[in-house]
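Colleague: Each chain, letter by letter, is given below.
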Amino acid sequence: MNVKSLLILNGPGLDDLRRLDSSFDKDLTLARIEQECGKLCAKYRIAMTFRQGNVVSEMFDWITGDATEFDALIINPIGYYSYEAYEKFEQYRSAIKMLAHLKKPVVEVHLTNIFRHGADLIEPLREPDAQIGFICGLGLHSYLLAIESIAQRSQGSAS
Amino acid sequence: MSGGKKVRVLNGANLNLLGRREPHIYGSTTLAEIAEACIKAGAVRGIDVEFLQSNYEGEIVEWIQTAIDECDAIVINAGAFTHTSIAIHDALRAFPGHKIELHISNPHLREKFRHTSYVSPAVDGVVAGLGVGGYELVIRLLADMLDGSAGSSPSA
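If you read the protein sequences in the order shown, they are chains A and B.
Residue numbers 55 to 213, in my numbering, belong to the letters of the first sequence in order.
Residue numbers 16 to 171, in my numbering, belong to the letters of the second sequence in order.
Only chain B is shown next, with the shape it has when bound in the complex:
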């Protein structure tokens, strides 16, 4: 069944604290639980999901660079790097596959310093403010896109 398609999900600074950090904004689900849900959602559809997190900007940059040869799609929640990192922007521009920016909350409803994203102009699309469930929805959509059957419903 597997066409060997691979999706790399990248999480930036402080996302390892998910579930413990400001749960009124980010919820009580942990990153490990999200990873499990994403890997399972991919596996059901024959997609290999690799779920990574780092608090180091350079490590995120390198994971994007190696994805050029290793992966078909990137999902990136860069955390606070979203609003500061031109290096991540440049790396994403070099990645030829599908790339979607993701945020658990909607940064545009929050502090002004979160209104600018260096990631957004470098990706195909942005998904924000759908809660932790947004991760799995994006994985399901990418699985359909990589399967070439994303004509109608992303969940079908």
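For reference, chain A alone in the conformation it holds in the complex:
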């Protein structure tokens, strides 16, 4: 599997990272994440599309509508933790399921450690038939590690 294009999707609330408990980096902004991800993708010659949306149905359309346009997906589903967020989160499942059938790699990322927020408020995507990587709690590096893993598998240097 050769990954030439990557879609990075950021869900509701991630336009303003100040509302996250960002002990890792107080000054981190979504613009800086986009910039750093862009640099790393350029290194691996991967074309990156970076998007943020506050409406899950819109994001659903981005995933399913553009599925033929990208080879891999990194998704940060949500930027705040509440029961309302949890309901929205579930809406991603069918879109992710579709990607799984297309055998496109998906990595779910979170800036913070979601298990410290109380696992009942937000849970990782569960789609048993899919190959979904999961990274949380590493701040900006959650994204960068996800890109590295996609590049690593793309180059076939590790299984």
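Do not take every clue at face value.
Computed Cβ-Cβ distance ranges for the label pairs, DEER-style [as the list claims (entries may be wrong)]:
no., chain 1, residue 1, chain 2, residue 2, range
1, A, G119, B, N70, 19 to 29 Å
2, A, A96, B, E48, 25 to 35 Å
3, B, G34, A, D183, 20 to 30 Å
Chain A regions said to be covered by chain B (calculated; three or more residues, Cβ under 8 Å) [to be verified]:
no., stretch
4, 58–72
5, 177–190
Hints were generated in silico from the structure; no laboratory data involved.
Keep in mind the model is a prediction, meaning the values are calculated, not measured.
All residues carry an ideal CB built from backbone N, CA and C; glycine is no exception.
On the provided structure of chain A, position chain B as indicated by the hints.
Modeller: For chain B alone, coordinates are given in the frame of chain A:
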């Protein structure tokens, strides 16, 4: 070059069977091969990587305890202890350095009894489902973090 920084990689129950046990889930790479790759990746960056495995929960607990004085970071794939061990949770909370939970597969996509991790709330971050390559990626990231240069790319 070496600042004497040390990373301890801990592997729990059944990880010694890697390569032979359910290869459709865990792959055909052995733990010895992963250890070699991690030690090499650390050495290149001036980091001492210590790679350990045990099928005994208490031994993992003691390796975390001694790491408090001996190591700067812990990477832990506790295997099935992940879902049962409050003792490992408590030991990890006592460890002040960087600590990352690692899994080869993504436990959240598997049986329900793997959905709860006692390790996750006690660590900084979780990396799962990236295959055996996840180990080396985490070592590279920690090497950069311990070097104080983890501002941009973890591989740079």
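Colleague: Take the hints in turn and mark each one as holding or not.
Modeller: Structure-based check of all given hints:
Look at G119 of chain A against N70 of chain B: about 49 Å separates their beta carbons, and that is not inside 19 to 29 Å. Look at A96 of chain A against E48 of chain B: about 31 Å separates their beta carbons, and that is inside 25 to 35 Å. A beta carbon spacing of about 25 Å between G34 of chain B and D183 of chain A agrees with the range 20 to 30 Å that was offered as a hint. With 0 residues having a Cβ less than 8 Å from any Cβ of chain B, the stretch 58–72 of chain A misses the three-residue criterion, and the hint is violated.
Here's how the stretch 177–190 of chain A fares: 13 of its residues keep a CB closer than 8 Å to some CB of chain B, so the rule of at least three is met and the hint holds.
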